[in-house]
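These protein sequence lines map, in sequence, to chains A and B.
What the first sequence shows, in my numbering, is residues 174 to 286, in sequence order.
What the second sequence shows, in my numbering, is residues 566 to 643, in sequence order.
Any given hint might turn out to be false.
[Stated by the list, open to error] Only pairs whose alpha carbons sit at most 30 Å apart, straight line, appear in this in silico DSS-like list of lysine-lysine: (1) A:273 to B:617; (2) A:249 to B:610; (3) A:235 to B:624; (4) A:249 to A:235; (5) A:194 to B:617; (6) B:575 to B:610; (7) A:273 to A:220; (8) A:194 to A:235; (9) A:235 to B:575; (10) A:249 to A:273; (11) B:610 to A:185; (12) B:617 to A:235; (13) A:273 to B:610; (14) B:578 to A:235; (15) A:273 to A:185; (16) B:578 to A:185; (17) A:220 to A:249; (18) A:280 to A:194; (19) B:624 to A:194; (20) A:194 to B:610; (21) B:617 to B:578; (22) B:610 to B:578; (23) A:235 to B:610; (24) A:220 to B:610; (25) A:249 to B:617; (26) B:578 to A:249; (27) A:220 to A:185; (28) B:624 to B:610; (29) A:249 to A:280; (30) B:617 to A:220; (31) B:624 to B:575.
These are calculated hints, taken from the structure and not from any lab test.
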Amino acid sequence: MAIDQFIANEVKSNDVVLFMKGTPQFPMCGFSGQVVQILDYLGVPYKGLNVLENDELRNGIKTYSNWPTIPQLYVKGEFVGGCDIVREMFQAGELLSLMKENGVPVKDSAPAA
Amino acid sequence: MPMNANDIEKLIKAGIPDAEVTIRDLAGDGDHYAATVIAESFRGKSRVQQHKLVYDALKAQMGGELHALALQTGLPER
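The following block holds chain B by itself, in its conformation from the complex (with noise of 0.2 Å):
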């Protein structure tokens, strides 16, 4: 069953309480997003480690309900 973009936001921002989240329905089939991740608490975190976290706050959507999600995390600009 597709989500929509506001829950995975919801979802996200639940996890990481900090970040500032952007998703765009890449083929307005709820079901292929790419969402922007940017939060200062990635800071000091590899790649892996920034994703994992989003991945955590998506719990068992990822790879069940949302098939698709093309991930960019970083850090705020200072």
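So here's chain A without its partners, still in its complex pose (with noise of 0.2 Å):
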């Protein structure tokens, strides 16, 4: 299977995905670690894919979203962004409202937005 074909099963087969160097249990990069604590924070269910396995991945994730760096955030087979983006949207409780919004499920006790 071609890696466009595999990314874009992926990003359609699960609601939430993520991108990362690492893998959810053990971060590689700062900024993976970060959403990886973010996510965890808002208890939502996500499928991690570690690019370091694997170099058609780590470019092929790039060229998919023309999106240049890693992590990269999937809600739905949308991309939403990366580290800052997800941060500042986190802060702002919008991240928490686009998961409602596509009825991903979410931990009780995360703070309404």
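Could you use the hints to bring the two separately framed chains together as a complex?
This is the structure we're talking about:
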């Protein structure tokens, strides 16, 4: 399967997908780690894909989104942003709203936006 | 190879002429920077679109020579 088809399939078959360096349990980059912390805080179920394990994926995801950096967060197949945008949205309460609008379950204890 | 903050600022301003650029060297190693870019031309654009304009201005440097750039974009206060 071509890498762009693999990526398209992943972001369409999982509500929330994070392309990252390392894994949610062991992030290998501070930027990836920040997004993991935010998603864990919100209690959002997500699939983490480690680009360090696969060079084709590491390059393919940058082409797929036309975005030069990793991490990259996708919700319902749509590219949301990298670490800085995710953090800004989280701080503004917009990330929680985005998850709720898309029917993604969040932890009850997450503060209302 | 590290980049210096002036080069980053020049590249961003070349791509976004009305940008006000502030750069901080986070680790002092010429490799980890934080940039704030304020531009009227961002008005009406989403955050992803605004960041893409900055990345486009930095062209191939991003992710290559420039390992880490924490980016914040915004509109000038009127």
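Structure-based check of all given hints:
| no. | hint | in the structure |
| --- | --- | --- |
| 1 | A:273 to B:617 | holds, 26 Å |
| 2 | A:249 to B:610 | holds, 21 Å |
| 3 | A:235 to B:624 | holds, 13 Å |
| 4 | A:249 to A:235 | holds, 18 Å |
| 5 | A:194 to B:617 | holds, 21 Å |
| 6 | B:575 to B:610 | holds, 22 Å |
| 7 | A:273 to A:220 | holds, 17 Å |
| 8 | A:194 to A:235 | holds, 13 Å |
| 9 | A:235 to B:575 | holds, 24 Å |
| 10 | A:249 to A:273 | holds, 12 Å |
| 11 | B:610 to A:185 | holds, 25 Å |
| 12 | B:617 to A:235 | holds, 12 Å |
| 13 | A:273 to B:610 | holds, 23 Å |
| 14 | B:578 to A:235 | holds, 24 Å |
| 15 | A:273 to A:185 | holds, 18 Å |
| 16 | B:578 to A:185 | violated, 37 Å |
| 17 | A:220 to A:249 | holds, 12 Å |
| 18 | A:280 to A:194 | holds, 25 Å |
| 19 | B:624 to A:194 | holds, 22 Å |
| 20 | A:194 to B:610 | holds, 28 Å |
| 21 | B:617 to B:578 | holds, 14 Å |
| 22 | B:610 to B:578 | holds, 18 Å |
| 23 | A:235 to B:610 | holds, 21 Å |
| 24 | A:220 to B:610 | holds, 29 Å |
| 25 | A:249 to B:617 | holds, 21 Å |
| 26 | B:578 to A:249 | violated, 35 Å |
| 27 | A:220 to A:185 | holds, 12 Å |
| 28 | B:624 to B:610 | holds, 20 Å |
| 29 | A:249 to A:280 | holds, 18 Å |
| 30 | B:617 to A:220 | holds, 25 Å |
| 31 | B:624 to B:575 | holds, 12 Å |
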